[in-house]
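Those sequence lines, one after another, are chains F and D. Counting in my numbering, the first sequence runs from 480 upward without gaps. Counting in my numbering, the second sequence runs from 10 upward without gaps.
If you're looking for bench data, these hints aren't it; they were derived computationally from the structure. Keep in mind it's a predicted model, so treat the numbers as computed, not measured. Even for Gly, the Cβ is constructed at its ideal location relative to N, Cα and C. Errors might be hidden in some of the hints.
[To be verified] Quick list of simulated restraints, FRET-style, between CB atoms:
hint : chain 1 : residue 1 : chain 2 : residue 2 : range
1    : D       : Gln-53    : F       : Asp-622   : 25 to 31 Å
2    : F       : Arg-719   : D       : Ser-47    : 35 to 41 Å
3    : D       : Pro-18    : F       : Asp-688   : 41 to 47 Å
4    : D       : Gly-72    : F       : Gln-675   : 50 to 56 Å
5    : F       : Glu-699   : D       : Glu-19    : 31 to 37 Å
6    : F       : Gly-840   : D       : Gly-72    : 26 to 32 Å
7    : F       : Pro-707   : D       : Ser-23    : 27 to 33 Å
8    : F       : Pro-533   : D       : Ser-25    : 51 to 57 Å
9    : F       : Leu-842   : D       : Ser-23    : 46 to 52 Å
10   : D       : Glu-19    : F       : Cys-774   : 40 to 46 Å
11   : D       : Gln-53    : F       : Gln-752   : 30 to 36 Å
12   : F       : Ser-828   : D       : Pro-18    : 44 to 50 Å
Given next are the chains, with one letter for each unit.
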Amino acid sequence: MNPALCGTPLVIGGYQHETGRVRELSGEAAGCGVSVDMLLRQAYHLCPSGVFLPYREERYHQAFSSVLAVLAQCCPLVEPDPPAHVLLGLRYERDERRFAEEVIATVERQLGFHMSCGIASSRFAARVVSEDAMLSQVLVLDDGEEQTLLQNLPVERLPLSDAVRRRLRLFGIVRAGDLLLLPAGALEAQFGREGQTLLGLVRGADDRDVEQWKDSRDVEQSRCFDVPVVRDDELQEAARDLLAALCRELQARWQCCRRLTVTLSLENGEARQEELHLKEPSSSSTVLSRRLVPCVERLVGVVPVEELRLTASDLCGGEGRQSSFLDGPPRATTRFREAVGVLQQRYGSGVVKKVVTRRGGRLPEERFTFVSCEAEER
Amino acid sequence: MNKLAWQPPEIQVSESESHEPLVILHEGKRRRVEDILSHWRMHQEWWKRPVERDYFRVRLEGGIICEVFREISSGCWQLQRVCD
């Protein structure tokens with residue numbers, strides 16, 4: 480970020496004389512009436528004092544990924560909606576507004592990016608409201624207001640191809656609500672599948688669940704020793720500390736790893752490496768240390784070690800997480816109940832299942848079945 | 010301990026002329042079959058759910074042991090079990 484540009488109306492998408500459209504803008508530019516997707520020349524007309532900069536896809540992608548990573552630490556259900564939107568699943572949050580304000584503050588504190596947020600019961604309505612909100616503001620749309628907002632929306636703000644937008648204008652359709660007045664089937668007959676989708680959006684029927692985004696970047700922890708180490712117990716202690724930090728980072732990302740790579744850089748310039756493949760993905764330091772301790776024993780030799788590095792890769796979502804709830808003794812009923820309760824509150828009542836064995840099945844997959852598991856059960 | 014698939018996922022397998030697995034492609038990773046540990050055929054009667062499968066317990070490169078089967082009627086390969 481360039482501090483010299485702070486407080487300046489900033490428009491990203493290209494220079495003012497170019498033919499492109501606005502991709503992103505600062506709050507100051509928005510105050511002049513500039514909006515996303517507007518022609519650059521039109522934006523210049525509204526905001527002649529603005530600084531116009533080209534859109535650099537690679538840097539934008541990096542920034543977007545870093546925002547996603549921070550959001551994924553705040554909320555387990557995060558879905559990118561490029562180029563500039565992110566959907567968060569808040570179904571199980573009790574105080575949505577406060578949660579959203581905390582998320583915005585976290586992103587501002589950690590990355591310096593300002594965001595706006597809209598909360599609604601459907602994806603499209605939430606997106607529209609977030610665009611209406613000022614930077615760092617959270618707008619919440621109640622159920623009754625959602626229909627009114629969507630029906631009064633100008634057709635220009637609907638996600639349409641240019642051809643459909645032009646034809647709607649020729650038909651004299653200005654607001655999204657006008658589409659509902661058309662005879663049944665007319666929209667589909669005129670615009671095919673796009674028309675059908677459009678009708679769903681205007682009716683607020685876009686209530687698909689938020690899909691979980693997975694941060695695929697490897698997690699790495701390393702330690703350089705000022706004095707090269709040769710003793711096994713010192714290396715084991717360092718490995719334990721690194722593993723604890725690695726697991727904390729994985730858990731903060733709601734992720735588990737399937738592969739752990741241990742690398743020792745030796746004083747003579749050589750490196751020794753071993754990959755540990757896990758049968759069950761895990762982010763539990765107890766589970767991972769069972770594999771790590773013998774691995775470090777195998778790798779350590781007579782040559783002193785200068786650096787120890789652990790890399791968790793092949794990352795996946797928390798589907799293997801349930802195993803870590805049961806790390807303690809089998810009598811940890813309370814812990815199990817709490818874990819089931821948290822999962823059900825966060826992901827819905829059907830997320831935790833109990834396995835029941837069946838008699839008579841010859842095929843392996845017919846020898847058991849899943850039934851619903853209640854939080855009160857053991 | 011092992012992981013048994015309730016809905017066995019489909020996998021891509023390069024097989025020999027006698028339909029023995031040589032290379033397994035699953036979740037974007039290719040793994041060579043190092044050894045076939047056992048092989049059996051499973052047949053279920055037509056009045057239940059007619060099934061005829063060739064099962065292979067194999068050791069893959071990297072030391073992973075798993076059970077895969079080939080549906081004889083369709084020739085499709087599926088992953089049944091991953092063992093510790």
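Results for each hint:
1. Distance hint check for Gln-53 of chain D and Asp-622 of chain F: the Cβ-Cβ separation is about 52 Å, which falls outside the suggested range of 25 to 31 Å.
2. At about 39 Å, the CB distance of Arg-719 of chain F to Ser-47 of chain D agrees with the hint of 35 to 41 Å.
3. Judged by the Cβ atoms, the range 41 to 47 Å given for Pro-18 of chain D and Asp-688 of chain F is violated: they are separated by roughly 22 Å.
4. Here the CB-CB span from Gly-72 of chain D to Gln-675 of chain F is close to 52 Å, well matched to the stated 50 to 56 Å.
5. The hint said 31 to 37 Å for the Cβ distance between Glu-699 of chain F and Glu-19 of chain D, and at roughly 33 Å that hint holds.
6. Distance hint check for Gly-840 of chain F and Gly-72 of chain D: the Cβ-Cβ separation is about 30 Å, which falls inside the suggested range of 26 to 32 Å.
7. The hinted window of 27 to 33 Å between Pro-707 of chain F and Ser-23 of chain D is violated, with their beta carbons roughly 46 Å apart.
8. Roughly 56 Å separates the CB atoms of Pro-533 of chain F and Ser-25 of chain D, a value that falls within the hinted 51 to 57 Å.
9. Judged by the Cβ atoms, the range 46 to 52 Å given for Leu-842 of chain F and Ser-23 of chain D is violated: they are separated by roughly 25 Å.
10. Separated by about 33 Å at the C-beta atoms, Glu-19 of chain D and Cys-774 of chain F break the suggested range of 40 to 46 Å.
11. Taking 30 to 36 Å as the suggested C-beta distance range, the pair Gln-53 of chain D and Gln-752 of chain F does not conform, at roughly 46 Å.
12. Between Ser-828 of chain F and Pro-18 of chain D the beta carbon distance is about 26 Å. The supplied range of 44 to 50 Å is therefore violated.
When each numbered hint is compared with the structure, violations occur for hints 1, 3, 7, 9, 10, 11, 12.
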